[in-house]
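In the order they appear, the protein sequences are chains C and Z.
Residue 444 in my numbering sits at position 444 of the first sequence; the count goes up by one each step and never skips.
Residue 292 in my numbering sits at position 292 of the second sequence; the count goes up by one each step and never skips.
Worth double-checking, as some hints may not be accurate.
[Said to hold, decoys possible] Listed next, with one range per pair, are the computed distances between beta-carbon atoms:
| id | chain 1 | residue 1 | chain 2 | residue 2 | range |
| --- | --- | --- | --- | --- | --- |
| 1 | Z | L14 | C | I358 | 34 to 44 Å |
| 2 | Z | D123 | C | G68 | 33 to 43 Å |
| 3 | Z | D40 | C | E459 | 58 to 68 Å |
| 4 | C | A111 | Z | L14 | 31 to 41 Å |
| 5 | Z | L14 | C | D338 | 29 to 39 Å |
| 6 | Z | K29 | C | D207 | 26 to 36 Å |
| 7 | Z | N264 | C | A26 | 24 to 34 Å |
| 8 | Z | D345 | C | R52 | 51 to 61 Å |
| 9 | Z | C309 | C | R52 | 51 to 61 Å |
| 10 | Z | D123 | C | A111 | 24 to 34 Å |
| 11 | C | L32 | Z | D471 | 34 to 44 Å |
In short, the hints are calculated from the structure, not lab data.
Think of the CB as a built atom: it goes at the ideal place given N, C-alpha and C, for glycine as much as any other residue.
There are 2 protein chains.
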Amino acid sequence: MIKILKLELAHPSLKDNRGDADRLLAGLKKELKTDRIKIDLKMLKDIPDILRRCNYKVRCVLAEERDGFVLTMVVVADKEKIFAGIAVDLGTTMIALCLVNLETKEVMGEASFINPQVKIGADVLARIHYADDEKRRKELNRLVIDGINNNIKKLCASCSILPKDIYCLAIAGNTAMTHFFLSLPTKYLIREPYIPAVNTPPIFKADEIGLELNRFANIFVFPNIGSYFGGDIISGILFARMYEKEEVSIFTDIGTNAEVVLGNRDWLIGCAGAAGPALEGGAAKIGMQAGQGVIDKVVINENLEFEVCTIDNLHPIGICGSGLIDLAAQLFLYGFIDKRGRFVDSRCAERLIVKDEIKYLIIVKKGEYGADADITISSIDIDNLIRSKAAMFTILETVTRTVGVDFASLSDFFVAGTFGYFINPVSAISIGMLPNIPIERYKAIGNSSLKGAVLFLTEPKLIETVDKIRDMITYLELNVNQEFMSRFSGARFLPHTDAYL
Amino acid sequence: MIKILKLELAHPSLKDNRGDADRLLAGLKKELKTDRIKIDLKMLKDIPDILRRCNYKVRCVLAEERDGFVLTMVVVADKEKIFAGIAVDLGTTMIALCLVNLETKEVMGEASFINPQVKIGADVLARIHYADDEKRRKELNRLVIDGINNNIKKLCASCSILPKDIYCLAIAGNTAMTHFFLSLPTKYLIREPYIPAVNTPPIFKADEIGLELNRFANIFVFPNIGSYFGGDIISGILFARMYEKEEVSIFTDIGTNAEVVLGNRDWLIGCAGAAGPALEGGAAKIGMQAGQGVIDKVVINENLEFEVCTIDNLHPIGICGSGLIDLAAQLFLYGFIDKRGRFVDSRCAERLIVKDEIKYLIIVKKGEYGADADITISSIDIDNLIRSKAAMFTILETVTRTVGVDFASLSDFFVAGTFGYFINPVSAISIGMLPNIPIERYKAIGNSSLKGAVLFLTEPKLIETVDKIRDMITYLELNVNQEFMSRFSGARFLPHTDAYL
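Okay, chain C solo, but in the shape it has when bound:
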């Protein structure tokens, strides 16, 4: 996104009286072999003194844009100076930052913080409703911009640089978060036919939205495909490099929603789990968020005792999504639940309790593993898990069947998100959430939205690639897909009604 180069210019004379900026631009155009270099008005005034001070030997920073370069900075050639860029993953719950040295391509530091919009509403929908009023939309915008500014300031301080040393920012997020970031209206995102204000936002300057970076820093926002398919996924595909492989691979991001992309260098097809009413809440509704003391692994032993592992080996306080998948797989395997996910009374025995007509299964008794209270899961938790696994699998099935690809032929199965790190593919396969393909093809790629943004900052000419990825993707609207709805019903069994696996 940024090019840094040294240049020595011919000195002006009566016979070569070109203007300072024109002389500089001519030198850059020659060096970069392009005519498409622009200069910002606000830069012009500093150039005359800089050129003379450094005896016409300069170091220039150029920002790549869709239609060429823009001169962003001119400094004396030998000046010690760090040119940094920052990648941002703009999540609904968490915002992650990664500071990069643009010359060495090294990561200088990382940070993450809770999206300050959480205080307005935990989920996207609540924030969109809140933002119906323009004043409140500005408030949501202010929250996220201030949050990013403050955390960039802290991150810079910890890396001994200043925010003004940051010359570009690449940000990837879901479509609603991106709209809030750009202070765009969100109301049409959630009303049929679900139209974003923009798919491909223009590249603009930091100060246009109050970001406190170098004043000439360019901001790149990853484009979206639609209201439910955001730039975070495009960034993930960029990172997974699916768009350049010959073999067909699949990318899934299981977060608040579940997004899936299938394809190779010739075609990409995508769909998102929030597209159908059955999927509301999505995969993340199951279990609690991963954190200290949260159960992330459950094994039932031969004596039908439950063995649990917790994050950081602390006393158990609850169970996270991936732990729940493990648990459900074990419960099904040992007959604690039937194929509809209902508790089997005879097997559950004294582990089963009923409160307000809802059945709960005790996983960890108070006192075991140092637990302060019984840790239970309810029939509703199991039902949510089954709905989620059904949604996940149905999306995977629908998207592969639409293009006639077998799961078996997939070269890679990328699982993005924190969930991907913790999930045990064997368990996910055994409850029918993920297809039964060789385990080694599952690749947990972590925060691929952030990693794609980092890649974008450090490799040249990726704007065109990102635009190409966006344009390549055919978006499959699940909401209007009848086949999807019938498949979804069929997938609400453990592992499935058909012997697909």
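Following the hints, complete the assembly by docking chain Z onto the known chain C.
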């Protein structure tokens, strides 16, 4: 510079869920048959509501830039709305405005006012010295921007529109004035080798320099060739259309400086009168500024009596430059001055008076024509006139000889500026200020800088033409031209030492 077009877009649907801005841009790209259309971040937020309010029938304003179009405005298709543009001639002394309806191409109104920077310094040099300090440079910038804003506001009010109805501004001025307008450093303009901060300023938005027009209005500043050859001349050449003629013609602008351009559609050569130390002050130093009661024409009759005409036929108060040329021609013709411009005592007789060792010739005696006092010219006035005419002629001669063109072969001799309206070519020829070509080839074109800017606003695709004109011009540096200096010495006689005419 601006394109206005109506467009009807396909309604969005689940099968066509493109973002609002992307839908609009796709429509515009198809209509204009170009991929090069950009959109400003600040516009995005209004588009969703506008599109729905007008049922996807819109009227769009697009600004032409060097590398394509930028969407400037979207309104409901049938809304009554005036799209105006404003042309500005940014003179050292006077600033002229012309408000244009961009759809009908009609001039809506004109205005002119004294450049408020005059209170800092009457001439360019004084202002450049003042601007050495950055704070003062900002003060000069503020003066001109405020002056333009205030006068645009008044002009708009008189035409019943608002400044926010102005969608583009094209401004032409000399290089120093343009630098002040853009708040650029001017100190290197007057130091050898006389380098501007920029020749071709970027196109930018009104609010970037505090111009109170439509917030998305584009500002186009005519490019310069060098410190002494400004955008006002480029604009004049555009207006005179020299750059597209097959025949060779010449363009002169006699203001504070004298600028000359010679050429046709294949080549252009230019030079400026402030380039040599002998020309300091230039042609405008002679006489007073044209105004009520100023003598603009003098005839000596057979009885050697002086017959004068004044502007608006009021009592004479002084003599202007063009009047002085008339007078000098008559004085030489009737033997009142010799070929070196010295008063001939015997002929001047009692009209000659001496004060502080300087000789004065009485043109109008106190009481004649209602004059309140004697109106005189001094030997210094005559000397200045001769230096000016020598400078003018020498520039003309140098530039034509450099390319081997005869005066006789010139198809047109454009005389720009107020001076051009008042000058009597016969007198100017007879003192050797202008070459002896058929009178009808002299074309007084008035404020061609303003007229070129108006043309620029109303005809499509002139950005490229203006850049082409700028790049075509070979600038002849008179300061280092030995031949020029010897010709200049030779031209300090009436009409000349050689029988060139």
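Next on the checklist: Are any of the numbered hints broken by this structure? If so, which, sorted upward?
Outcome noted: 3, 10 and 11
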